[in-house]
Amino acid sequence: MAERDFRKKRLDRGIKARSDTIFAVASTKEILYLLAPRFVPVAILLLLPLFLESYWNKVLVYACIYGLLALSWDFLASCGLFSLGQSLFFGLGAYIAGALNYYFHLPTVVTIPVATLAGGVLCAALLSPVMRLRGVYFAMVTLMLPLLLMKVVETTGVFGGTHGLSSLAGFPHEMLAIYLAIIGFLVCLFLFRRIMNADYGLILRAIRDDDRSVMSGGINIYWRKSQALFIAGAAGSFAGALMTHHYQFVGMSTFALDYSILPVAAVALGGPGTFAGAALGSMILVPLSEALRALGGLRIAIYCGILIVSIILLPEGFFHYLARKYHQFERIEKIK
Amino acid sequence: MEAAEHTTKQPNGAGDILLSGKHLMVFFENALALNDLSIEVRRGEIVAVLGSNSAGKTTLMNTISGLIVDMKKKEQRRGGVRITLRGELRYKGEEILTLKPSERVKRGIVLSQERHPIFRDSDVLENLKIAGYLKRAGNLKERIQFVFELFPVLKKLRRRKAGLLSGGEQQMLAIGIALVADPELMLMDEPLLGLSPLLQADLARAIRDIRQQGITVLVTEQFARPLLPVIDRGYVVENGMLVFAGTRDELFDNPEVRAAYLGM
Amino acid sequence: MSLLIYGLINSVILALYTVGFSLTYGISGIANFAHGALYILSGFAAWTFMNAAGLPFWLSGILAVLISAIIGFVFYWVLLLRLRGIPLAELIVTFAAGVAILELLTWKGFYGIRYSLPVLVRGGVEIFGVGIDYQRFIVLACGVFLVVGLWLFVHHTRIGLAFRAMAQNERTALSIGIESDWIGSLSLAFGAALAAVAAMVVLPLGVMESTIGYEVLIYALAVAIVGGLESTLGMIAGSFLIGYGQIAAARYIGAKWMIIVPLAAIVFVLAVRPSGLFGKFKELEERV
Amino acid sequence: MTTSSNEPILRVERLKKNFGGVLAVYDVSFELKRGEFLGIIGPNGSGKTTLVNLITGFVRPSGGRVLFKGKNITGKMPYKIADLGIARTFQMVRLFYNLPAYKNLIIPLCSSRVRRMRGGKYGEKDDEAVDLLDDMGFERDSYVPYKQVGTLPHGYLKRLDLARAMALRPELLILDELFSGMSMSEVASTLPLIEKFNREGLTIIMIEHRLKELFRVVDRVLVLNFGEKIAEGTPDEVMAEDEVKKAYLGIDVEIPPDPGTA
Amino acid sequence: PAGAAKPIVIGVPTSLYTPFGRDGLKAVKLAVEELNAKGGVKVGSEKRPLKVVVADTRGGEPSTPVHDALMAYERLITKEKPDAIVIGAFRSEVLIASMDLVSKYKVPQLGTIAQSPGFQKKFMKDPKKYKYLFRVTTDALVDATYLNNTLDILKNKYGLKTAYFIYQDTLWAKAFSGLMSKHCKKTGWKQIGFDGYAAGATDFSPALTKAKDEKADLIGMVWDVPLGAGVFAKQYAAMKVPALLIGFIPPMASPMAVKTVGPGVEYAMSIEFPVGASLPLKKLPKTVDFLSKFKKKYGSLPEAAAVNSSAYDAVFILAEAIERAGTLDPDKLVAALEKTDYKGVSGRIRFNKQHIAVFGTKDPNETGVCVIFQWQKDASGKLRRVPVYPDFLAEGKIQLPPWMKK
Ligand SMILES: Nc1ncnc2c1ncn2[C@@H]1O[C@H](COP(=O)(O)OP(=O)(O)OP(=O)(O)O)[C@@H](O)[C@H]1O
Ligand SMILES: Nc1ncnc2c1ncn2[C@@H]1O[C@H](COP(=O)(O)OP(=O)(O)OP(=O)(O)O)[C@@H](O)[C@H]1O
Ligand SMILES: [Mg+2]
Ligand SMILES: [Mg+2]
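Chains as they are written, first to last, in my numbering: chain A, 142 to 477; chain B, 10 to 273; chain C, 313 to 600; chain D, 34 to 295; chain E, 12 to 417.
Think of the hints as simulated: they come from the structure by calculation, not from any bench.
Any given hint could be a false lead.
[As the list claims (entries may be wrong)] With a straight-line Cα cutoff of 35 Å, these simulated DSBU-like cross-link-like pairs (lysine-lysine) come out:
#1 K40/E with K420/C
#2 K37/E with K49/E
#3 K475/A with K170/B
#4 K466/A with K81/B
#5 K62/E with K140/E
Model the full structure from these sequences, guided by the hints.
So this is what it looks like as structure tokens:
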């Protein structure tokens, strides 16, 4: 009976309550409280390449690439477009950059920006006929589209067919690639967060919740969705273009399922809706996957196992959990 | 507080205590949705719970029907809002506060939820058939027939997908579903919502018919005039607390209740 | 003529791939991305029973179906219970579970050219000048049986109706006494069992290897979506469209277009009819 | 009714809609003058909501035309129609449950219509939204405008929905069962608001089952039954018609008390 | 003691998912074991043992990310620091993409699986840069020559006239079967089709019906992914197409074919490239020796009828080159490798200018060789693989199925 009279109570930390209204920030402690979770990870990420050996730097690039894809996924998801086809964005960017370099010998300073923009436009154009779809249906179409393009490349043999295009221009220095990836990743992260918190993002989120209702507010949801597709597509294409030049190779496997599923897994692990979750997720997943490489054959199975266990234990996602622990505490309270 | 202890004089014909809730408390995280609420329903009665918006009517219904147990479980699994339940809830003398909804349906407590959540993708007839899940064949046909008699419109619409029905039609169906599930204690959460005046009156009559079949009814409303003629007793809930309890006449005579819940 | 017959067979195979997936999805709203993995897993399970334990094929087959069903059941209670209602997590977890199964199989060496299940009856006949082996007849019969059976089951049995109820509105289902977790886990078990049954009749047509798992998943998704996710009729239509489309493409355009057809069909059908050929989802969703 | 000097703001001509075999709206025509307040009543399933959906573009008509300010808007996309100045509320409220109440108003405030009406500029949207809510009776200093919609009581949502429709600065406002699910006191406080809008020149169509309140405000009533218009006129005229009584009656029907309990 | 010496590390980055990769690895381990039993390999004056480290580049399907395979490659090279690499990538695109990587880190590589002609092309673009790369196995050109010669025999001696070709739609297989198709056209066969199927195809009825309707005498097929090949093999057997099957179809070439495909394999003909991959040849004792060792160690013959003997040979070629070079320095090792002249299981191996092992059809003492075999019933009625071409390896004659004799 005794324990029935008690219950756990969740409360915001005092410092959060105070610093929520940003004008009231007074002490350095409060400023630190607000800024630390943002700046410490960024600083770590920026300094890390200087201390890592070349192989782990490659892994870091990989993590940023997946991070970009995860961010782009999360961005689309924020406006109700659940995609299972990040590899479409990735592959388009990769192929555009690769083809520009291979056939026209354009340098990376041209191919990467062009691939980013053209990739975004192309993604929006390709997906605009199916923008009306919602939920699973959109997910499935996006899942199929890259597979379709992959088969098209395989069947028609364009862009080198199954062999792909190799010996493309690389980056003059390893560090350039690394910092390009990291900075692209960070810019996306903070840009997306900013967009989503602005009125523009508000509308996107509202479209996710109830597009009929948004329409009744006189907003052209299809145009907005196309814009969202462009933004997400550009982020994904940037990742693809970067990868192409980093490995000096592009092939049909850039449309592979891995590039679609892994980012989603990263978001599921980190927690959707905040971008920080997506970023965190990919920063956990990719290095984990590489660390497991030493295990050989069982690697993927163990990797999946870890993924499953962590999602089951924290269905809300790492980030949400951490954020809650950071901002709130619990205490036992007696019920009157 | 006093109101909670206050037992009204029993209208004739009412039987033993079917359901009694004592000191019910429900927290959604730190918000108190039901605050020390006590309620009692006797067999064969029609009892109304009146309250304005967010008074806690739905929470009370969910607590009695057990849906809240399920909500609690789900929220817990994914670390969402924490729901805390306290108090005592007895049905035919048995403590049921933590019982699963399906167990409660087996014991005869069936809820018709507010704002008509029906099985959108099935047609009307199938909706009613599904409702007979716990009833082995037998009188399923009869019960469906009863619902059709109650709401002749539904019979006409029986082949239409439920999700395409109009708001009012869906409301009728929602009530029909609960009826087919063969309740002993029928909980109705805002059944009048969206019904035309004609149908509101019909429903009030129907509730009386239902009682005649031996079903006890607990119904919530914000605007109770159409129901007034048929109820025996009523409770008034505000902010999760009981503020008034009384027979129909007592409710009718109380000027505040009249103004707030009867529109007179 | 052979186009007609083999198109039919191909369609039925696709329907068999899909039946389990769409059952599970239709009931509990869980897109079981481990479907393909369960399919091939049961194939290997049957192979193991036959070759390691020396059981006859029919017995191994039944055991494999049972095992698959149990795995599906366990999936629900172990993996999905805490994640119900978070589609993203559900999807990733089932997919990860599927990949884990496939990888484990591969790691165990179930990859290569030595694995195949025997056909029930060897040989074949010629109909209208088209040679068909008996196994393909079995596939045909089994497909028809399962699809019809499924429809009857879902629409005319108590559990079937409860399944449908769960699929549509869990809260209301609860309030009329349907146990959501029980039904949910049954749905996974049923879906997994159906995947296994399909495996038992379809796999003997070729050899087995773990990557078939992905293939089956993609086909199942394709069919389910083209048809509309929640309708049996849609599933049939979807498999026919893609099944015949493939064979016709192989015949008239070039065999390598075979795989492109289902993918293109999905994109096309959805662009034109956003909820699949027979899906009512959209219409319902847009009712304001 | 038709006066050339006073061009109707909305004209519905022989509007039809059938869903498969179901005739939801059949051959409905009516006109609405600027500033008029029209009530639509009818039994459940008589096609009221469908009629609204037809006008606002959520459903494509199978026949007939809708003219808004003389312009044909039949079959246009909902956002285009909203952009022209027709705002609506929904029978089952459709708001954004994860957003704070005032943020819900930002969405219409972001539309190009509002920008046009403000002379090509957006204002301080947050302030504007809070102002609007203040007008609607959700006081600026109370917690309500800042609270998540999902945690607000249902009656508030209905009013919020109204506020959202008003944020679009419409010329025609369509209310679909605004009062259902509102408590007496809320109805009492909302009704004058609507009247005020109407006095200020807003044209309003209101669907309602709560006749007593409806009849207090409307100029004219249209009665639908089985998708057809069966009557039109002032409330008194309409209620006097037999057909209406038969289909819809039951205003204030008193049920004789149950002999068992009385 | 030899144990104290620092081992020579041999890296094996390959697709362990494919039977080719798995069996190849087994062959490499077998060779290493043999060498270590003899005390290892002499580097300068010191005998050093060999050690194998493996990196899995995952699946053989074109849809497995190349980047991931390259990561595995790079990790192997930078972490394990192998002195040389054998086997190498399975998929052509991975091989080609990895060429830059391998030459960047200067690790000599003896590739034994991927056969793409893209290798030569890329090699010739910058022979200096890519000099670390060698290929120890055949390529499509050689394989096709064997089959073409067999086609000639079938036409001239057995009177077959109509041919139909099916290939798995990848560059390698298309090039391979294209060579056969071209040859047929040149030599007066009637060709009724040349169709590509996707690697994962699950139904071949269109092809088989076509072959049947248009009365093909021969179906030529090239396919390296087991999946589609298995369906084809079974469907071919089930549909009773009266045409002789010839080409490269792993499930039908494998020693386990009788079990997987069933009695339908009778009369099917296949190439094994190079010799000794899974079929012991009486006339080449080395193949018998290698395969019996293999069977003894692993319990059964290799599954895949291709490239295993190359992997085995590659280790010995490497060991020999190291001993000749007397050092593990990559550039010196490459120079020594270029001078390889080694008589191994698959014949005599020398490298040409493009670092490709020379294969021919004439004499195993001059070049590496392949073999064509047919599934035939022996006296006891058991199905066996009988080498039928070239003559210096043949143990029997080609048999036509009874239903084809007119
Ligand atoms: N799932 C939930 N999470 C958090 N708070 C909730 C939840 N459900 C109800 N509440 C809170 O509990 C209180 C009572 O709500 P309840 O829905 O029971 O009221 P109601 O009387 O049914 O009102 P209505 O007329 O709107 O139906 C409200 O303050 C509400 O905000
Ligand atoms: N998309 C649809 N498909 C099929 N039938 C429909 C569809 N939408 C509406 N209906 C039918 O059309 C009729 C009119 O529906 P509507 O929603 O307009 O009624 P209503 O007058 O608003 O009723 P209520 O007062 O109950 O809200 C109903 O019988 C309904 O079942
Ligand atoms: Mg309520
Ligand atoms: Mg309506």
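Hints violated by the structure (numbers, ascending): Going through the list in order, the structure violates hint 3 alone and respects the others.
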